[in-house]
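*Asks:* So the chains spell out like this:
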Amino acid sequence: MNALILERDTVILAFWMTVRLTAVSTVGSLVLGTLLTAMRVSPLPILRTVASGYVTVARNTPLTLVLLFTGLGVGANLGVEFSDDISVNNFWLAILGLTAYTSAFVCEALRSGINTVPVGQAEAARSIGLSFQQTLRLIILPQAFRAVVVPLGSILIALTKNTTIALVVGVAEASVRMREMIEVYGDQVIQVFFGFAVGFVILCLPTGLFFGWLSRRLAVVR
Amino acid sequence: MSTAPFGNLYEAPGPRGVRRNRVLTVAVTVVMLAVAVLVYVRFDANQQWSAEKWLPLLRPDVWVTFILPGLFGTLKAAVAGIFLATVFGFVFAAARMSEHRWLRVPAAVVVEFFRAVPLLLLIFFAFFGSFVLIGTSISAFTAVVFGLTLYNGSVIAEIVRAGVQSLPKGQAEAAYAMGMRKGQVMRLVLLPQAIRTMMPAIVSQCVVLLKDSALGFIVGYDELVDRGLNGIAANFSNVIPAAIVIAAIFIAINVTLDKLAHWLHDNSGRRVRPGGEATPATAEPQPVEAL
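Those protein sequences? They're chains R and W, same order as listed. Start counting the first sequence at 1; every next residue gets the next number (UniProt numbering). Start counting the second sequence at 1; every next residue gets the next number (UniProt numbering).
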């Protein structure tokens, strides 16, 4: 346990980075994922094609490659810069990659949520004259979200763990620090590993429990 | 009724709606093209489209030296991972469903632990910690397979457990009533039925595992991403073309596996009981974890 106590500031900072990456990417993925879902169910064939093409590509590309794309393609080649500070810039590039990847999974979950909403709900909405946007925003999506609380929770947990891959765009989060500490404190490999592993258990376990509780609370009685 | 999916969400457009949709279609197309042109121009400024960056990817020797060995590395890790994870999954699912507390509780702890720990931490632990722990360094391949096995094995254990528990209770009761022993009930009655329900979810998990094998890149395992970027791109400085080709290979394999999962899903529904309605088949195959 010695190494973890000696380096507790580094460990805490590493997990703080993990939490920040997770939180910002979660917001981004929910927004982009909802938008993609709306596109996929929209009356315009071109929007449906674009969204489903995007989801297929993003879901089936390894996250490592997605993040390399954001670092080398978007960052180095397209010259997108979020900040002069390189570490801040890398942080936002990581957010971009994690969001691009995770939103495809959010879209898949939400789409299956829309499938659980009875057809009559949309038909009733149309019969009182609501437009497509109103039907989706007021009637369908609120019910779809409630149906997919648990899958969204799993996606969020996966995202938390996926932030470790942000190291390929140069973000110093938990995995980087663990590797450094294994090298410096070679005699305490197991303690260091368990310290970091337990950190993730602490982050993920309450998330799962919370989403389970939330889904029971928000369950739509039909 | 429109044939489009989710066509019940909107009215069939009238004359004005048709016109508006046409305008919107054109507008969306223009925006998409504008983005494409912008990306094209920016990449072009860095010569990412020039022939000398793309032509190497058509050369047989580049495929023989880099892409095919990389693909072989990826598939080798994936196949080893799938095999070991399946074994791990069945063993721990059985342990977790055991009647003996001393077996059930530790199995549950192991499964829940490895599902919560990021795969990359497992790989780093094995790769950088192995020398201290077992006195010898293990190969990047071993470290990657170690991580893939523990993580995906735990997920498969949960898939198996859910599959067995979704069976009607009468199946096991009937088997016990015939005088079968515990092992026989599981082996002859429960597992054969559960495996059919589980196959789509397990195939979906294989997609996850295959994608995860790309983490091998980080510890320098010779897989597709590594060969593409540290092999091809280092030689021809064509990062973007190489990455696009590599991504296309991954997408092609995974989409095929995904189609297989859906096909299995559509064909795995249990038969209609005589005089009754069809028993609900499986839920739509969803990867248990997003990555």
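If you are wondering where the hints come from, they were derived from the structure by calculation, not from laboratory data. The structure displayed is predicted, hence computed values, not measured ones. Positions of the beta carbon are idealized from the N, C-alpha and C atoms, including for glycine. It cannot be assumed that every hint is accurate.
[What the hints assert, rightly or not] Taking beta-carbon pairs under 7 Å as the criterion, some of the chain W residues facing chain R (in silico): (1) V23; (2) V37; (3) Y40; (4) A116; (5) L121; (6) F128; (7) F250; (8) N254; (9) V255; (10) T256.
[Unchecked claim] Think about it this way: if two alpha-carbon atoms lie no more than 20 Å apart in a straight line, the pair counts; the simulated SDA-like pairs of lysine to any residue are: (11) K76(W) to V64(W); (12) K76(W) to E158(W); (13) K76(W) to S98(W); (14) K76(W) to A94(W); (15) K169(W) to K182(W); (16) K182(W) to M199(W); (17) K76(W) to R59(W); (18) K182(W) to A172(W); (19) K76(W) to L58(W); (20) K259(W) to Y54(R); (21) K169(W) to V64(W); (22) K259(W) to F146(W); (23) K76(W) to A162(W); (24) K259(W) to S112(R); (25) K259(W) to S52(R); (26) K76(W) to F141(W); (27) K259(W) to R196(W); (28) K259(W) to G53(R); (29) K259(W) to V57(R); (30) K259(W) to A58(R); (31) K169(W) to Q184(W); (32) K182(W) to G170(W); (33) K259(W) to W213(R); (34) K259(W) to G186(R); (35) K182(W) to F90(W); (36) K169(W) to F146(W); (37) K259(W) to R59(R).
*Asks:* Each of the hints needs a verdict: does it hold here or not?
*Replies:* Here's how the hints hold up against the structure:
1. V23: violated, 11 Å
2. V37: Status violated, d = 13 Å.
3. Y40: violated, 11 Å
4. A116: With Cβ-Cβ at 5 Å, under 7 Å, it holds.
5. L121: Given a least distance of 6 Å, the restraint on L121(W) holds.
6. F128: holds, 5 Å
7. F250: For F250(W), the interface hint holds, since the closest Cβ of chain R sits about 6 Å away, which is under 7 Å.
8. N254: Interface hint status for N254(W): holds (4 Å vs cutoff 7 Å).
9. V255: holds, 6 Å
10. T256: Status violated, d = 10 Å.
11. K76(W) to V64(W): With Cα atoms ~17 Å apart, K76(W) and V64(W) stay inside 20 Å; holds.
12. K76(W) to E158(W): violated, 25 Å
13. K76(W) to S98(W): violated, 33 Å
14. K76(W) to A94(W): violated, 27 Å
15. K169(W) to K182(W): holds, 14 Å
16. K182(W) to M199(W): Between K182(W) and M199(W) the Cα gap is close to 23 Å, so the pair fails against 20 Å, i.e. violated.
17. K76(W) to R59(W): violated, 24 Å
18. K182(W) to A172(W): The hint holds at about 9 Å.
19. K76(W) to L58(W): violated, 24 Å
20. K259(W) to Y54(R): holds, 17 Å
21. K169(W) to V64(W): violated, 54 Å
22. K259(W) to F146(W): Given that 20 Å is the threshold and the Cα spacing comes to 28 Å, the pair is violated.
23. K76(W) to A162(W): Violated, at roughly 29 Å.
24. K259(W) to S112(R): Holds, because 17 Å separates the two Cα atoms, which is no more than 20 Å.
25. K259(W) to S52(R): Roughly 15 Å separates the two Cα atoms, so the pair holds.
26. K76(W) to F141(W): Holds: K76(W) and F141(W) sit about 9 Å apart, inside 20 Å.
27. K259(W) to R196(W): holds, 17 Å
28. K259(W) to G53(R): holds, 15 Å
29. K259(W) to V57(R): holds, 14 Å
30. K259(W) to A58(R): Holds: K259(W) and A58(R) sit about 16 Å apart, inside 20 Å.
31. K169(W) to Q184(W): holds, 16 Å
32. K182(W) to G170(W): holds, 15 Å
33. K259(W) to W213(R): Answer violated: K259(W) to W213(R) is near 34 Å, above 20 Å.
34. K259(W) to G186(R): violated, 46 Å
35. K182(W) to F90(W): holds, 16 Å
36. K169(W) to F146(W): Not OK: K169(W) and F146(W) at ~36 Å, beyond 20 Å, violated.
37. K259(W) to R59(R): holds, 14 Å
Of the numbered hints given earlier, the model fails hints 1, 2, 3, 10, 12, 13, 14, 16, 17, 19, 21, 22, 23, 33, 34 and 36; all others are met.
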